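> Sequences listed follow chains A and B, in order.
Numbered per my numbering, the first sequence spans residues 93 to 657.
Numbered per my numbering, the second sequence spans residues 93 to 657.
Simulated from the structure, these hints should not be mistaken for laboratory data.
Where hints are given, some of them may not hold.
Since copy identity is lost for identical chains, a pair holds within one copy or between any two.
[Claimed, not checked] Quick list of in silico lysine to aspartate or glutamate cross-link-like pairs, DMTMM-like style, CA-CA up to 25 Å:
#  : residue 1 : residue 2
1  : Lys475    : Glu145
2  : Lys395    : Glu520
3  : Lys475    : Asp437
4  : Lys314    : Glu448
5  : Lys127    : Glu196
6  : Lys96     : Glu632
7  : Lys565    : Glu448
8  : Lys96     : Asp551
9  : Lys555    : Glu121
10 : Lys182    : Glu363
11 : Lys251    : Asp321
12 : Lys395    : Glu613
13 : Lys243    : Glu356
14 : Lys271    : Glu570
15 : Lys634    : Asp162
16 : Lys167    : Glu652
17 : Lys271    : Asp206
18 : Lys242    : Glu337
19 : Lys168    : Glu585
20 : Lys555    : Glu422
21 : Lys569    : Glu456
Computed from a prediction, not measured in an experiment: that's the story for all the values here.
2 protein chains.
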Amino acid sequence: MPNKYVIIGGVACGPKVAARLRRLDLDAEITIIEKGEILSYGGCGMPYYISGEVHNLQELWSTPVGVPRDVQFFKKVKNIEIMDRTLAQKINRAEKKVEVVRLETGEVREIPYDKLVLAVGGTPVDPPIPGKNLNNVYKLNHPYDAEGIKKAAGVGKIKSAVIVGGGLIGLEVAESLTKLGIKVTIVEMMDRVLPKMLDIEIASLLMRDMRANGVNILVNNKVLSFEGDDRGNLQAVVTEQGTIEAQLALVSIGVRPNSKLAQEAGLEITENGAIKVNEYLQTSDPDIFAGGDCIDNYHLILKRRVYAPLGDLANIHGRIIANNIAGSPEEFPGILGTTICKVFDFNAGSIGLTEERARELGYEVVTVLAPGSDKAHFYPTAKNIFIKLVGSKKDGKIIGAQIVGPGDVAKRLNMLSLGMYYGITAKEMAKMDLAYAPPFAPAMDNLITAANIMQNKMDGIAKSISLQEVKEKLNKKEDFILLDVRSPQEVEEMSLPYENVMYIPLGMLRQKTDLLPRDKEIIIFCKVSLRGYEAQRILEEKGFTNVKFMDGGIVSWPFELKTRG
Amino acid sequence: MPNKYVIIGGVACGPKVAARLRRLDLDAEITIIEKGEILSYGGCGMPYYISGEVHNLQELWSTPVGVPRDVQFFKKVKNIEIMDRTLAQKINRAEKKVEVVRLETGEVREIPYDKLVLAVGGTPVDPPIPGKNLNNVYKLNHPYDAEGIKKAAGVGKIKSAVIVGGGLIGLEVAESLTKLGIKVTIVEMMDRVLPKMLDIEIASLLMRDMRANGVNILVNNKVLSFEGDDRGNLQAVVTEQGTIEAQLALVSIGVRPNSKLAQEAGLEITENGAIKVNEYLQTSDPDIFAGGDCIDNYHLILKRRVYAPLGDLANIHGRIIANNIAGSPEEFPGILGTTICKVFDFNAGSIGLTEERARELGYEVVTVLAPGSDKAHFYPTAKNIFIKLVGSKKDGKIIGAQIVGPGDVAKRLNMLSLGMYYGITAKEMAKMDLAYAPPFAPAMDNLITAANIMQNKMDGIAKSISLQEVKEKLNKKEDFILLDVRSPQEVEEMSLPYENVMYIPLGMLRQKTDLLPRDKEIIIFCKVSLRGYEAQRILEEKGFTNVKFMDGGIVSWPFELKTRG
Chain A
93 MPNKYVIIGG VACGPKVAAR LRRLDLDAEI TIIEKGEILS YGGCGMPYYI
143 SGEVHNLQEL WSTPVGVPRD VQFFKKVKNI EIMDRTLAQK INRAEKKVEV
193 VRLETGEVRE IPYDKLVLAV GGTPVDPPIP GKNLNNVYKL NHPYDAEGIK
243 KAAGVGKIKS AVIVGGGLIG LEVAESLTKL GIKVTIVEMM DRVLPKMLDI
293 EIASLLMRDM RANGVNILVN NKVLSFEGDD RGNLQAVVTE QGTIEAQLAL
343 VSIGVRPNSK LAQEAGLEIT ENGAIKVNEY LQTSDPDIFA GGDCIDNYHL
393 ILKRRVYAPL GDLANIHGRI IANNIAGSPE EFPGILGTTI CKVFDFNAGS
443 IGLTEERARE LGYEVVTVLA PGSDKAHFYP TAKNIFIKLV GSKKDGKIIG
493 AQIVGPGDVA KRLNMLSLGM YYGITAKEMA KMDLAYAPPF APAMDNLITA
543 ANIMQNKMDG IAKSISLQEV KEKLNKKEDF ILLDVRSPQE VEEMSLPYEN
593 VMYIPLGMLR QKTDLLPRDK EIIIFCKVSL RGYEAQRILE EKGFTNVKFM
643 DGGIVSWPFE LKTRG
Chain B
93 MPNKYVIIGG VACGPKVAAR LRRLDLDAEI TIIEKGEILS YGGCGMPYYI
143 SGEVHNLQEL WSTPVGVPRD VQFFKKVKNI EIMDRTLAQK INRAEKKVEV
193 VRLETGEVRE IPYDKLVLAV GGTPVDPPIP GKNLNNVYKL NHPYDAEGIK
243 KAAGVGKIKS AVIVGGGLIG LEVAESLTKL GIKVTIVEMM DRVLPKMLDI
293 EIASLLMRDM RANGVNILVN NKVLSFEGDD RGNLQAVVTE QGTIEAQLAL
343 VSIGVRPNSK LAQEAGLEIT ENGAIKVNEY LQTSDPDIFA GGDCIDNYHL
393 ILKRRVYAPL GDLANIHGRI IANNIAGSPE EFPGILGTTI CKVFDFNAGS
443 IGLTEERARE LGYEVVTVLA PGSDKAHFYP TAKNIFIKLV GSKKDGKIIG
493 AQIVGPGDVA KRLNMLSLGM YYGITAKEMA KMDLAYAPPF APAMDNLITA
543 ANIMQNKMDG IAKSISLQEV KEKLNKKEDF ILLDVRSPQE VEEMSLPYEN
593 VMYIPLGMLR QKTDLLPRDK EIIIFCKVSL RGYEAQRILE EKGFTNVKFM
643 DGGIVSWPFE LKTRG
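Between the sequences and the hints, there should be enough to build the whole structure, so can you do that?
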């Protein structure tokens with residue numbers, strides 16, 4: 093008797109399980125139950141369909157050579173049975189059957205299984221905002237949603253749009269709609285976009301760039317209602333900070349795991365509301381596995397389970413589930429919370445813990461903010477990136493990082509992912525044998541520089557203060573010197589508009605220390621902070637004792653700036 | 093008494109030691125002895141000055157904000173004494189003094205040291221080719237060489253150039269000169285360019301692209317002499333394969349460590365001819381350290397020392413030497429041989445062992461050639477990369493990789509660098525939590541896919557044959573079937589011009605297995621090899637026993653191709 097494998101869910105994890113099972117168990121009967129009619133689509137590509145960068149929606153569910161992954165494809169190429177437009181409504185674990193209903197006909201059937209896989213995904217959070225059912229109030233969960241938004245935006249009647257939620261999808265769609273000529277306002281409840289990924293100063297750099305690209309961002313704000321005209325079309329979004337005219341809205345405030353079916357079948361559910369699985373991605377019923385957006389993941393740094401609905405994880409889950417069903421047992425070790433998005437010309441990524449989160453958890457934290465060119469600075473296509481590292485002072489390990497900027501963010505994030513998996517310290521990171529040539533990186537990669545600064549701080553050689561702390565001192569009108577050690581040309585381009593700023597270019601500092609008071613705190617800065625660090629050491633050499641540099645330099649300063657012209 | 097630190101060598105490692113020492117030891121007297129007059133230049137940037145991408149040679153020794161790192165800079169900013177145009181000609185270890193001669197005056201002095209650092213670099217190999225002293229026969233070792241090549245090329249009299257040696261510098265300069273409108277011929281003694289970095293099939297992909305960009309590559313060839321006119325200007329290069337007219341030549345067949353000074357001082361020298369150092373980068377004299385291109389490095393996979401003159405390592409050495417002199421002891425663990433270069437629109441990188449090298453060393457090797465899109469395939473800027481992984485069958489570890497193609501090579505190389513440092517296996521690599529969004533990577537990163545294929549091969553599920561092996565079978569006219577499972581449209585675009593090719597698109601294969609002989613070896617291919625692998629499993633499901641797929645697919649096939657139009 094061939095094995096009967098039944099998989100509920102036809103996107104990402106489910107098809108991956110099925111394809112891998114087919115290759116491991118050549119005789120098995122493999123069935124995917126999918127409530128919709130589009131299979132195996134790349135949901136993360138939807139913002140690029142809205143923007144027009146992806147021309148044809150079907151590309152999202154086609155193979156790299158352009159063959160649509162439809163029912164016929166799965167049948168012919170993979171020998172996998174697809175029951176599409178079919179809802180799995182009940183799991184009978186005692187008899188090992190799934191009760192399904194064919195949505196077009198209402199016909200109910202029972203499908204027997206030897207092993208069952210739940211790849212039932214997640215659902216966008218649906219907040220109880222009055223007016224949420226008006227026309228042109230969207231979520232973005234399915235290619236049809238993308239189609240709807242694209243059509244609405246294409247008619248030419250949408251002048252402005254509101255995006256509720258400054259998360260990954262919200263930001264990506266903000267770019268898509270802006271590219272279509274629509275004025276976009278993001279309404280975010282927290283004090284910043286991507287609040288789980290980025291600390292405030294890093295989010296501020298991203299927000300500055302988004303605003304420069306025309307996006308209106310309202311933080312610490314909440315949507316109260318959607319208002320429509322007499323035809324039921326959205327006209328305005330009422331927020332705590334006022335009413336915004338808008339003909340289109342996208343609600344994207346998060347996703348929740350689809351765990352109802354599992355729960356009703358008596359399977360255990362986690363505190364995140366996800367289907368509970370062990371390290372083999374096996375639910376509390378050993379014949380039922382689960383993966384993708386309906387489960388949560390063990391976070392290797394947090395050391396507890398977190399909900400992280402991401403397409404790449406769903407694929408990894410899929411393969412591991414198939415191995416555990418039909419191959420050799422395989423564990424999923426867990427995640428690091430690696431996340432990235434592109435927003436206009438900025439890339440923004442995060443891994444591990446933010447500083448905020450690390451402090452909440454009681455870590456004694458050392459942080460670094462290292463801006464720099466992502467390639468040799470003389471190479472023409474070099475662009476900036478800002479790396480913030482979060483380290484644990486106790487053991488020198490890197491426990492988190494945030495990287496933003498127009499330059500190559502993804503490379504450094506992935507390096508951290510590999511390193512943090514093995515518990516890398518700043519000291520180890522600084523000695524890695526990386527791929528260097530001017531078109532790819534500076535001779536000392538940005539991550540090596542950042543790791544060195546972190547080690548210098550841990551060793552007490554480098555003494556720094558964060559941008560926020562400097563700003564607070566300014567706000568409190570504390571008596572200290574802000575020493576700008578840049579060249580006069582640089583100062584002319586851009587400077588800090590505060591009365592306590594003094595200017596001594598680094599090359600003059602050794603001769604001019606007499607100008608500086610010895611009884612005041614001196615906070616030094618330059619463009620990025622390297623000269624600031626050097627100046628700290630020079631002043632210490634000259635006997636100054638209360639000296640530090642401002643982490644990240646003026647290029648990272650997210651507050652007031654005086655610029656030329 | 094302040095410590096006296098003397099550093100011989102003012103480029104890369106030397107200035108790094110000095111700058112770090114200054115920050116660690118605020119009172120020290122730090123002196124750099126440099127025989128030339130240009131300090132701390134980015135030698136790897138020279139090809140981009142020749143091409144015109146870097147406009148001003150001085151950018152190579154300026155800080156990111158444009159300040160030249162000259163004697164004044166080191167004095168004022170770093171409080172480091174530079175003795176330029178000064179040759180260190182003898183080390184008196186007993187008295188701890190360096191004898192130097194000022195090159196302009198001939199004046200000889202002795203400089204006392206507490207600790208001495210040798211950062212004396214390497215020298216291009218100078219083969220005894222007749223005519224090598226003709227005008228316009230260059231090496232590329234110093235900014236003046238770049239200046240000379242650029243000037244010569246700019247006069248308009250150079251129509252064609254010969255580059256002796258298909259190594260990193262040779263390839264980069266081939267691009268630079270081609271961009272200036274010069275016809276370039278590379279003469280390489282081995283059967284391929286970058287022979288230490290790339291196996292033949294990977295080098296072939298790179299050579300195909302370089303030839304498409306107009307570069308003539310002559311492999312298995314040797315330069316016999318340079319021929320000049322009566323003014324001593326180069327006119328032609330005589331090779332074993334004939335005479336090439338050329339008005340400019342670059343000899344770049346490798347670099348050797350400068351170890352003469354050390355050797356004469358009685359310091360130990362390694363079998364690579366480099367200054368011998370221990371894990372603290374300390375020579376056989378505990379008061380003398382050495383780093384950069386004059387030492388060799390412990391290779392973590394080879395488990396022996398190799399010569400790897402690279403700018404990024406020189407910087408890492410510099411910091412570690414300074415830490416060992418004035419900070420806390422620090423070891424340099426070693427290298428993985430990570431190397432990368434850009435040649436036209438191709439990036440080519442390597443890490444660890446090539447297949448060739450691994451087999452020489454007796455490894456039981458599993459290799460993978462995985463071509464694929466470097467981003468989600470529907471994302472408009474996606475480009476191809478070809479990943480070759482070399483794995484050790486014994487323990488499943490990745491021991492080498494080569495990655496080439498127009499797409500993002502550097503990211504995957506650096507991921508491997510971090511992973512291989514920790515001894516990563518294919519199985520572990522396939523479960524990494526990477527930064528995924530369509531503008532950055534496919535949902536399953538190319539490296540995860542490659543690692544999965546490797547694991548499938550190790551587990552005996554995937555059965556493959558290399559492109560070379562298929563080509564050999566064709567050459568020997570062996571009796572086997574080459575089964576192309578691509579779509580008719582793809583076949584029309586490009587196909588293999590051999591008589592034993594059969595065509596059955598993957599989607600038809602299950603129904604058409606009767607067409608295939610059961611008594612012959614069947615070698616399947618598609619575009620990249622994924623459908624080929626799938627077809628292998630389908631035929632096995634149907635009872636075929638002698639079936640494999642061609643690793644890398646037709647897109648990697650470096651031999652004859654039939655293309656449309």
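> Determine for every hint whether it applies to the structure shown.
Here's how the hints hold up against the structure:
Taking the closest pair of Cα atoms, Lys475 and Glu145 come within 25 Å of each other both inside a single copy (23 Å) and across two copies (15 Å). For the identical chains of this complex, Lys395 and Glu520 are neighbours both inside a copy (22 Å) and across copies (19 Å), given an alpha-carbon limit of 25 Å. Taking the closest pair of Cα atoms, Lys475 and Asp437 come within 25 Å of each other both inside a single copy (10 Å) and across two copies (19 Å). Only within a single protomer do Lys314 and Glu448 lie at most 25 Å apart by alpha-carbon distance; the minimum there is 22 Å, versus 62 Å between protomers.
Taking identical chains as interchangeable, the C-alpha atoms of Lys127 and Glu196 lie at most 25 Å apart only when both belong to the same chain, with a minimum of 10 Å there against 84 Å between chains. When the C-alpha separation of Lys96 and Glu632 is checked against a cutoff of 25 Å, the pair qualifies only between copies, where the shortest distance is 20 Å, while the shortest distance within a copy is 73 Å. Taking the closest pair of Cα atoms, Lys565 and Glu448 come within 25 Å of each other only inside a single copy of the chain (20 Å); across copies the shortest separation is 62 Å, beyond that limit. For a Cα distance limit of 25 Å, the shortest separation of Lys96 from Asp551 across copies, 23 Å, qualifies, whereas the shortest one inside one copy, 60 Å, does not.
In the homo-oligomer, the alpha carbons of Lys555 and Glu121 lie at most 25 Å apart only across protomers (24 Å), although the nearest pairing inside one protomer, at 64 Å, exceeds that limit. In the homo-oligomer, the alpha carbons of Lys182 and Glu363 lie at most 25 Å apart inside one protomer (22 Å), although the nearest pairing across protomers, at 72 Å, exceeds that limit. For the homomeric pair Lys251 and Asp321, the shortest alpha-carbon distance inside one copy (16 Å) is at most 25 Å, but the shortest distance between copies (73 Å) is not. Within a single copy, Lys395 and Glu613 get their C-alpha atoms no closer than 40 Å, and across copies no closer than 51 Å, so neither meets the 25 Å cut-off.
Proximity of Lys243 and Glu356 under a CA criterion of 25 Å is satisfied in neither setting, with 38 Å inside one chain copy and 79 Å between copies. Taking identical chains as interchangeable, the C-alpha atoms of Lys271 and Glu570 are never at most 25 Å apart, the minima being 44 Å within one chain and 57 Å between chains. For the homomeric pair Lys634 and Asp162, the shortest alpha-carbon distance between copies (23 Å) is at most 25 Å, but the shortest distance inside one copy (73 Å) is not. Taking identical chains as interchangeable, the C-alpha atoms of Lys167 and Glu652 are never at most 25 Å apart, the minima being 61 Å within one chain and 35 Å between chains.
For a Cα distance limit of 25 Å, the shortest separation of Lys271 from Asp206 qualifies neither inside one copy, at 50 Å, nor across copies, at 63 Å. In this assembly of identical chains, Lys242 and Glu337 lie within 25 Å of each other by CA distance solely inside one copy; the values are 19 Å within and 60 Å between copies. Taking the shortest Cα distances, Lys168 and Glu585 sit within 25 Å of each other only across copies (24 Å), while inside one copy they are farther apart (64 Å). In this homomeric assembly, Lys555 and Glu422 come within 25 Å of each other (Cα to Cα) only across copies, at 22 Å, whereas the closest approach inside a single copy is 46 Å.
For a Cα distance limit of 25 Å, the shortest separation of Lys569 from Glu456 qualifies neither inside one copy, at 28 Å, nor across copies, at 69 Å.
Taken one by one, the earlier hints fail for this structure at numbers 12, 13, 14, 16, 17, 21, listed in ascending order.
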